[in-house]
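Taken in sequence, the protein lines are chains V and U. Our numbering numbers the first residue of the first sequence as 1 and each following residue consecutively. Our numbering numbers the first residue of the second sequence as 382 and each following residue consecutively.
The set of hints was computed from the structure by calculation and includes no laboratory data. In this text, a Cβ means the ideal position worked out from N, Cα and C, and glycines have one as well. Please note: incorrect hints may appear among the correct ones.
Stated by the list, open to error - What follows is a set of in silico ranges between Cβ atoms, one per label pair, in the way DEER data are often shown:
#1 U/Thr432 <-> V/Asp25: 54 to 60 angstroms
#2 V/Asn124 <-> U/Glu513: 48 to 54 angstroms
#3 U/Pro387 <-> V/Gly61: 32 to 38 angstroms
#4 U/Gly455 <-> V/Ser200: 18 to 24 angstroms
#5 V/Asn124 <-> U/Glu434: 22 to 28 angstroms
#6 U/Ile497 <-> V/Glu243: 32 to 38 angstroms
The residues making up each chain are set out below.
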Amino acid sequence: MTSLKDLRPVHVVGVGMHRYQFASDTPYVTLGLTAVRAALSDAGIAFAEVESAYVGCTGIGLAAGRIMLNHMGSTGLAVTQVENASASGSSAFQMACFEVASGLRDCVLAVGVDKYGDQVRAVNKEGVNRLSDTANIPLIRYALMAEHLKTAKGLTQEDLARVAAKNHTNAATNPFAQFQKPRSVEDILNSTLVAGSTTSLMCTPRGEGGAAAILCSEDAIRRLGIAGDKPIRVLSSVLRSEEPQKGRELPSVTVAQTVAEQAYHEAGITAADLDCVELHDAFAIEEILYTETFGLAPKGEGQHFLRDGGSAIGGRCCVNSSGGLIAQGHPLGPTGIGQIHEITRQLRGTNGDRQQPRARTGMAHMIGLGTIAIAHVLQRE
Amino acid sequence: MDLEKPDLYRLADDDRRLTLRAGRCAACDALIFPLSPYGCTACGAEPSALTEEPMPGRAQLLTFITIHQRLAPGITPPCVVGEARLANGEIHEIMLAGTGDLYTDDMQLEAVATEITRGDTPLIACRFAPVEA
Numbered sequence: 001m002t003s004l005k006d007l008r009p010v011h012v013v014g015v016g017m018h019r020y021q022f023a024s025d026t027p028y029v030t031l032g033l034t035a036v037r038a039a040l041s042d043a044g045i046a047f048a049e050v051e052s053a054y055v056g057c058t059g060i061g062l063a064a065g066r067i068m069l070n071h072m073g074s075t076g077l078a079v080t081q082v083e084n085a086s087a088s089g090s091s092a093f094q095m096a097c098f099e100v101a102s103g104l105r106d107c108v109l110a111v112g113v114d115k116y117g118d119q120v121r122a123v124n125k126e127g128v129n130r131l132s133d134t135a136n137i138p139l140i141r142y143a144l145m146a147e148h149l150k151t152a153k154g155l156t157q158e159d160l161a162r163v164a165a166k167n168h169t170n171a172a173t174n175p176f177a178q179f180q181k182p183r184s185v186e187d188i189l190n191s192t193l194v195a196g197s198t199t200s201l202m203c204t205p206r207g208e209g210g211a212a213a214i215l216c217s218e219d220a221i222r223r224l225g226i227a228g229d230k231p232i233r234v235l236s237s238v239l240r241s242e243e244p245q246k247g248r249e250l251p252s253v254t255v256a257q258t259v260a261e262q263a264y265h266e267a268g269i270t271a272a273d274l275d276c277v278e279l280h281d282a283f284a285i286e287e288i289l290y291t292e293t294f295g296l297a298p299k300g301e302g303q304h305f306l307r308d309g310g311s312a313i314g315g316r317c318c319v320n321s322s323g324g325l326i327a328q329g330h331p332l333g334p335t336g337i338g339q340i341h342e343i344t345r346q347l348r349g350t351n352g353d354r355q356q357p358r359a360r361t362g363m364a365h366m367i368g369l370g371t372i373a374i375a376h377v378l379q380r381e
Numbered sequence: 382m383d384l385e386k387p388d389l390y391r392l393a394d395d396d397r398r399l400t401l402r403a404g405r406c407a408a409c410d411a412l413i414f415p416l417s418p419y420g421c422t423a424c425g426a427e428p429s430a431l432t433e434e435p436m437p438g439r440a441q442l443l444t445f446i447t448i449h450q451r452l453a454p455g456i457t458p459p460c461v462v463g464e465a466r467l468a469n470g471e472i473h474e475i476m477l478a479g480t481g482d483l484y485t486d487d488m489q490l491e492a493v494a495t496e497i498t499r500g501d502t503p504l505i506a507c508r509f510a511p512v513e514a
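Generate the whole structure from the sequences, applying the supplied hints.
In structure tokens, the structure reads:
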């Protein structure tokens, strides 16, 4: 089977964002184009050079991407809208990677844009009931898992609060984050109790925003004269869906591990090579689980990795330096590309107060309702 | 009184317990729940390969939590949900009767008919409760 690394090298050459925010009157066109223009400016290229665009979007409606990009000038570029739930932006990014890697195009835009939508979910039209009215609410699955791990592995509510406090504090210096306030463990514990041990500040907010990345082949980098410190190579891109649950581990966690292992294999790295990771922390327990399944911490010891500062900026491998979904936010369409924005800046060494020292290799990971897992490994060459 | 989710369960002969509506696959012999109108979720066989098979509403409680906020239209907090192993071995999310102090991990449960209202309409819903001695 061919992997991304066997094809033409693909590089992220420009990234940009519109701040994630609570629902507002800001038009989605403004959210998306702010990110697109920032990414073009970062790459130092004109929109006319972009041959194709993949637009991650869940809540706006039909053809949002085409209508939005029309305001950049009708250049005739190919436009494809991508919906894959929370992983819509990640999937748009993956398709852009594959298009450049295959040789079909040299310069492709991946953009995520979303407003707070009507929350219509296909599962509610499936025509198959479930025993629990909460069966399709991810928060409950993860809150149940957190409860199980309290007895099975000594996890505490304070551990969950530590994840959220770290990520809120990281986001405090991120101008694109929805929350920009440092929070203590006590602040997190004192927020509204939602389910089990999970409080409101341990959960991602919903909102809106935009994020964009421009991908180029090496030919395009030379032809367009893109500065040498900009390109960050995408080494691997992997997506899979879950299989039936075996034992107590959530299928979303199992598939996240499978995807990470394949992403490492295709990139030719191990977990020990990762300097920074942006992962799907819609709920605090997820970060503890995924640091284990990604091999950053031994199984069952994710909370110790956290307590020891392993996932802090400056630690062994910083996790969610952007603030993650919990604090940078999770507007769905943009989220996965917002992760690429953070990783790219980390690997360039331009991430300011949130810079992970000597960062060279990073991974972006998302979960999409259903469940799918997707991961991209990026590296500074 | 009508059942809230008649595709999932039927009232047992004692009018108190519920029997779950599972499906046996002729192609792979799996007992799947819920019975899907679209095919076997274990092997992908056509719907015609599935035959309805009553499954006891027994379950082993694995974990449970109390929900404190109104997260869905059918949820009136505080209420208790859990994860349980059903009679066919599958792990499912379930709704529990009463409050959390009635339950402990690994407890044996049974599906019982519980009256609820949706709007002004009374219905029989499935809630799990400790097995009566």
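Comparing the hints with the structure gives:
no.	hint	result
1	U/Thr432 <-> V/Asp25: 54 to 60 angstroms	holds (55 angstroms)
2	V/Asn124 <-> U/Glu513: 48 to 54 angstroms	violated (35 angstroms)
3	U/Pro387 <-> V/Gly61: 32 to 38 angstroms	holds (35 angstroms)
4	U/Gly455 <-> V/Ser200: 18 to 24 angstroms	holds (21 angstroms)
5	V/Asn124 <-> U/Glu434: 22 to 28 angstroms	holds (27 angstroms)
6	U/Ile497 <-> V/Glu243: 32 to 38 angstroms	holds (34 angstroms)
The structure does not agree with numbered hint 2 stated previously, though it agrees with all others.
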